[in-house]
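Novice: Spelled out, the chains give:
2 protein chains.
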Amino acid sequence: MERHFETSLRDLKGQLLAMAGQVEKAIESAIEALQTGNIEKITLVDAIENKINQAHIAVDDACIKLLALQQPLAADLRLIVAILKINTDLERMGDQAVNIAHHAEQYIKGTPVKPLVDLPLMFQEARFMVREALDAFVKSSEPLARDVLKRDDIVDGLKDKISKDVLEHVKTNPILIEQGLILILIARNLERIGDHATNIAEDVIYAMSGEDIRHSSQLATMKKAIS
Amino acid sequence: MERHFETSLRDLKGQLLAMAGQVEKAIESAIEALQTGNIEKITLVDAIENKINQAHIAVDDACIKLLALQQPLAADLRLIVAILKINTDLERMGDQAVNIAHHAEQYIKGTPVKPLVDLPLMFQEARFMVREALDAFVKSSEPLARDVLKRDDIVDGLKDKISKDVLEHVKTNPILIEQGLILILIARNLERIGDHATNIAEDVIYAMSGEDIRHSSQLATMKKAIS
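Taken in sequence, the protein lines are chains A and B. Everything in the first sequence is counted per this note's numbering, starting at 1 for the first residue and increasing by one. Everything in the second sequence is counted per this note's numbering, starting at 1 for the first residue and increasing by one.
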């Protein structure tokens, strides 16, 4: 029974990581569509999203079967609940890749708004967060997970900067307003990808230590305000 | 043991619904801030979000304790997994209420962009979806849950209409561009609240029937395309 559980858990992790690989591919293809104007990449993102959605259902199913048949406790139970949550975050990252791809589709039909401001940089940062969150999961590494949390501020800062730059630019070129809005929305899609990576990092820490650090910076602020 | 499980489950549902009540209050207060310019409502939303975040952690804890101590099967197991998911969606709705409140804070400092286009109507529609999804959960009603799913298109349509109307308006009044962007972003926050209500409705259907209808419209499209 014990050995059976270990095998099932290893299979489940493998399933989740295969799905994560598809999510990473979808995000990259979406940004490539924007940067190169290659319309085939958009079709590719849609096709990958279908696979992600099927994997999403399959991972949830596998988690529930493990919970029902093996009735795990303590760290094993926490890990399976964490996988249920990571599964949701991965699927939502896939949705964001689709959003980016469809924004890119609109964007490349119109006049480009000067170089893509800091979007390529923001993409690299968000992409790194995703990779690092998944590495933290694979290696059960709390330091990697905590590094992901730190990086979220960089991505949020880039989103604000991109919005500001684009607004300044289109204010003097109101004809570019739709195009500018698309870039602002893509920056928000990337920000959400970073948020999902943060959620995954928090779930890794929870699964490993049983420590729930979600909302903890807020708690710290509250305590400060009270003291 | 059986009776103890029933009591714990009833307590857990009560905890989730108390949290849902806070979420509804946060959404309403955020929109009230935008519509009336009452800055106190923004502080109120921040205070409610703190409570929501604490409830989020507490509900997850209670779910894990129930899974560990009672090792539920079949419908009970599905219900607890559904509550874990609904808990996440409620917490994210709270985040969206905070986003709306802070967008409202910026908006009321500036020049208003004509009446708030269709935002009040979109708010009503999104608000209705949230209420109906929670009713579906309380009453274990599949018809109510399915009605929520149908309404998502209305909310998405309103978001598109608002973006279009605002863009047309600011194109001839580029000075209003920042203000217009805020309204477009609030429409997106409301759209996401509608998406979370949809997720809750899907979880209710899953908990009741074991049927996973997520991504099913897409599956139908795929099957159609293949046939």
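Keep in mind that the hints were calculated from the coordinates and are not lab data. Heads up, a few of these hints could be off.
[Said to hold, decoys possible] Here are some chain A residues pointing at chain B (derived, C-beta under 8 angstroms):
1. 77
2. 85
3. 174
Values in this document were obtained by computation on a predicted structure and should not be read as measured data. Note that the Cβ used here is the ideal one computed from N, Cα and C, for glycine as well.
Novice: Compare the structure with each hint and give your call.
Specialist: Evaluated hints:
1. 77: holds, 6 angstroms
2. 85: holds, 7 angstroms
3. 174: holds, 4 angstroms
Hint check: no violations occur; every hint is consistent with the structure.
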